[in-house]
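Heads up: the sequence lines are chains E, Y and A, in that order. Each step along the first sequence adds one to the number in the numbering used here, with nothing skipped, and position 63 is 63. Each step along the second sequence adds one to the number in the numbering used here, with nothing skipped, and position 89 is 89. Each step along the third sequence adds one to the number in the numbering used here, with nothing skipped, and position 99 is 99.
These are calculated hints, taken from the structure and not from any lab test. Being a predicted model, the structure only gives us computed values, none of them experimental. There's no promise every hint is true.
Straight line, CA to CA, 35 Å or less: simulated DSBU-like cross-link-like pairs of lysine-lysine [said to hold, decoys possible]: (1) A/128 - E/31; (2) Y/30 - Y/185; (3) E/31 - A/118; (4) Y/246 - Y/30; (5) A/128 - E/7; (6) Y/185 - Y/246; (7) A/118 - A/128.
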Amino acid sequence: MNAAFEKRLGIVWAILSAITAAQYLVLTAGKGILFAPNAALTTSVIVVSLVKVRLILREFMDVRHAPALLRRVADIWLAVTAASLLGPYLAGSLLWAS
Amino acid sequence: MTTAPVDMLQDPPVRPSGIGLLSRWRSHPKFELWLAWWTMIVFYNFFFVIFFGVARIQPPPDPAWDVPRVVEWFSSHHNGLLIGFSITFVVAGLTVAANALIAYSMWRMSVSRAFAYTYILIYSLSAVPGMLLTCIALVVGAMRPDRDPEVIHWLYDFAFMAFDGTMGVFLIGSLIWMVAILLDKNRVFPKWFGYLNLCNALTEVVVAPAWLFNGDSTFAWHGTITWWVDMVVFMTYTGAFITLLKRMIEREDFGNGPMPDGSSTAP
Amino acid sequence: MTNLAIPAGARNATSGTARPARTLPATPDIWFFVFFEAFLFTAYFTVYMVRRTQDVGLFLQSQAQLSLATGVVNTLILLVSSWSMARCVQAAREGSMQAALRNAFLTIGFALAFLIVKVSEWTVEIEKGFSFTTNGFFAFYYFLTAIHFIHLLIGFIFLGVVVHQLRQPVRSQPLIETGATYWHMVDFLWIMIFALLYLMR
């Protein structure tokens with residue numbers, strides 16, 4: 001296999017797995033696992049997860065080599081998903097705070 | 001969509017003048033296909049207008065309602081149910097045109113005849129529980145408002161469960177069409193529509209929780225996911241296949257090999 | 001199944017390493033499917049988020065009943081399966097069929113591992129007494145994991161087509177990439193389900 005490309009795929013996989021491990025470590029850092037509402041944590045979980053998805057799309061699914069239309073559709077989907085997940089969550093936590 | 005009859009008049013072969021409009025249409029080689037397509041359009045218009053506008057059983061009411069609320073629903077929908085469904089019983093048979101045209105599309109593909117036969121069989125069966133049983137149960141409920149409220153409540157559950165009960169049949173129907181399209185070499189439909197059949201089939205699976213929940217606003221028969229999201233997919237699917245069947249008729253050359261591209265076939 | 005070898009978007013069939021600057025992987029048709037499903041799942045996720053705000057306490061208590069470690073293991077399995085799938089596509093592009101087949105079988109193996117972990121996780125939750133109808137959270141837990149699981153099962157058909165193509169003397173590269181594209185979708189949808197069910201607070 002093309003050594004440079006193979007190395008790149010390996011690095012992408014390592015980053016994705018490291019992020020997953022980091023997410024686990026953050027949640028289990030204190031005494032036991034955290035189970036309380038936490039807007040900062042949730043926002044970063046959703047954003048970081050969408051970054052993982054974008055890495056899979058760009059690198060594994062080869063969207064970075066694709067025509068502009070596909071790259072745009074992918075980014076639009078990511079943006080719509082970010083907005084429709086964080087929107088209800090943040091609106092809900094503001095309601096709870098008040 | 002309204003341009004189709006004009007095409008029918010303009011396309012050759014047309015006999016010399018002096019012959020009536022109907023026989024000129026009749027002599028058009030695609031007359032039968034257009035007849036089936038327009039019958040399908042007429043049926044879907046009746047279906048949506050009656051179910052959403054006249055009988056107003058869609059979007060569906062709440063399955064968690066108590067007996068007095070259900071009886072009240074029947075009395076407020078009394079006229080709509082009787083008038084709407086009396087029309088439905090007249091036009092229900094038109095569904096055969098839609099089924100026949102879809103079966104024809106599979107007949108035109110490079111796949112076994114078994115696909116078309118299975119599709120016709122399975123959809124002929126599903127029209128009975130999915131549409132007619134629902135209508136019959138609701139008309140029976142509306143017919144005698146002074147009936148025992150418990151029986152009215154029973155008819156209400158029966159009608160909407162019958163409606164959801166066809167989903168498994170539609171699931172298999174969509175999968176049959178999907179496999180035929182993906183295997184086809186005659187390019188009758190674009191492959192993305194084959195995959196859209198899979199999307200539609202998966203939303204039929206999503207209805208399954210409606211059998212377990214009767215008060216949940218997400219997963220019961222009127223739920224956000226089981227009804228609203230599914231309906232968006234179903235509308236997209238229906239719109240896509242009506243448009244693609246029209247393009248198929250326009251491209252049809254009555255041959256056995258790959259269909260010509262036609263002017264407007266780009267996916 | 002050989003009829004599937006007629007590719008809808010065969011116009012970008014390429015073999016070898018040199019690829020034009022901008023080419024569409026797989027076929028336009030499977031990309032239509034991937035983003036249709038992606039938007040559909042976004043709709044499911046949004047409904048989950050809205051329902052969650054209506055009963056945050058219940059959702060948090062119920063989340064505590066899930067095994068975070070099992071979720072992490074499932075995620076790592078799918079990530080490694082995506083990696084082997086990407087390597088399979090790259091090997092096939094370069095014409096090294098043995099490497100491509102090996103990676104395709106690795107992907108199938110990881111898919112089976114995910115399946116086993118998921119079924120045993122469901123078994124544990126059901127034995128603890130948490131079922132589909134237990135509460136609002138568990139309805140979503142079983143719904144999202146099950147609909148994803150069905151996508152995973154369909155994935156075996158796509159992976160089967162990939163293996164079949166790799167064994168043909170004349171293979172369809174777009175069809176191999178179609179199977180890979182589907183498989184990566186199964187992976188990235190799980191990444192979001194994992195975030196919503198196991199990670200968020």
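Status of the hints after comparison with the structure:
1. A/128 - E/31: 24 Å, holds
2. Y/30 - Y/185: 22 Å, holds
3. E/31 - A/118: 27 Å, holds
4. Y/246 - Y/30: 11 Å, holds
5. A/128 - E/7: 44 Å, violated
6. Y/185 - Y/246: OK: residue 185 of chain Y and residue 246 of chain Y at ~19 Å, within 35 Å.
7. A/118 - A/128: 15 Å, holds
The structure shown violates just one earlier hint, number 5.
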